[in-house]
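Converting from the sequence shown to the numbering used here requires adding 283 to each position, the first position being numbered 1.
Treat the hints with care, as some may be off.
Below, in silico cross-link-like pairs of lysine-lysine (DSS-like), each with a Cα-Cα straight-line distance of 30 Å or less [what the hints assert, rightly or not]:
no., residue 1, residue 2
1, Lys430, Lys289
2, Lys333, Lys323
3, Lys426, Lys323
4, Lys289, Lys426
5, Lys306, Lys289
Just the calculated beta-carbon pair ranges, DEER-fashion [to be verified]:
no., residue 1, residue 2, range
6, Arg425, Asp389, 31 to 39 Å
7, Met335, Lys430, 34 to 42 Å
8, Ala379, Asp445, 34 to 42 Å
9, Glu350, Lys323, 38 to 46 Å
10, Val330, Gly446, 20 to 28 Å
Simulated from the structure, these hints should not be mistaken for laboratory data.
All C-beta atoms in this analysis are idealised placements derived from N, C-alpha and C, irrespective of residue type, glycine included.
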Amino acid sequence: MVTLFKTLDVTRLRRISRRRGLKFNMLMCWCIGRAASPIKEFYVLPVGDKLMRYDTIAVNTIVLNSEGEVSSCDIPFSDDLAVFNADYLRLTRQVADTCENHDIADSMVIGTSALAQYDIDGAVGMYSGIFNNPFLIWGSYRKGFLKTILTLSFQFHHTQMDGAHAARFLDLLQKEIVSL
Numbered sequence: 284m285v286t287l288f289k290t291l292d293v294t295r296l297r298r299i300s301r302r303r304g305l306k307f308n309m310l311m312c313w314c315i316g317r318a319a320s321p322i323k324e325f326y327v328l329p330v331g332d333k334l335m336r337y338d339t340i341a342v343n344t345i346v347l348n349s350e351g352e353v354s355s356c357d358i359p360f361s362d363d364l365a366v367f368n369a370d371y372l373r374l375t376r377q378v379a380d381t382c383e384n385h386d387i388a389d390s391m392v393i394g395t396s397a398l399a400q401y402d403i404d405g406a407v408g409m410y411s412g413i414f415n416n417p418f419l420i421w422g423s424y425r426k427g428f429l430k431t432i433l434t435l436s437f438q439f440h441h442t443q444m445d446g447a448h449a450a451r452f453l454d455l456l457q458k459e460i461v462s463l
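Kindly produce the complete structure, drawing on both the sequences and the hints.
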């Protein structure tokens, strides 16, 4: 596994979140899906000694459930923000209420973990070989006078993609955030 760190300008995301009443985390997940969708390496997952190819992608988010624990929720990626938002709200509510994970087995899943209540600079988690999905982690954003920044870590399996693919994805993610 390889991990890259990047600091993003999320000023626009924060403004849109406040002005339109959309969840910041949902907007981040949607931008992640938008940035990943044109990169063919995001449709491939190393499993054992094989590469599994998927036709669709999903973005995973961690949900605080009704028992005060965390559950996992895969959201199918849609290029349509309204559709993705509706799925995000419905599925995260369902997972929070039932305390049951929502997994999508037939999509390549990009993992995320938002530790928004904590001021962290990054995280590195070495997978055991069971979970080889690309994974992004971020903490709280930092508000400045003119802009808001967010530092995130992006972990990926080197068999799935090279550092150049990962860096291109992070650049595309920044462009998606700015152009939202």
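A quick look at each hint next to the structure:
| no. | hint | verdict |
| --- | --- | --- |
| 1 | Lys430 / Lys289 | 16 Å, holds |
| 2 | Lys333 / Lys323 | 16 Å, holds |
| 3 | Lys426 / Lys323 | 34 Å, violated |
| 4 | Lys289 / Lys426 | 16 Å, holds |
| 5 | Lys306 / Lys289 | 22 Å, holds |
| 6 | Arg425 / Asp389: 31 to 39 Å | 38 Å, holds |
| 7 | Met335 / Lys430: 34 to 42 Å | 39 Å, holds |
| 8 | Ala379 / Asp445: 34 to 42 Å | 37 Å, holds |
| 9 | Glu350 / Lys323: 38 to 46 Å | 39 Å, holds |
| 10 | Val330 / Gly446: 20 to 28 Å | 22 Å, holds |
The structure shown violates just one earlier hint, number 3.
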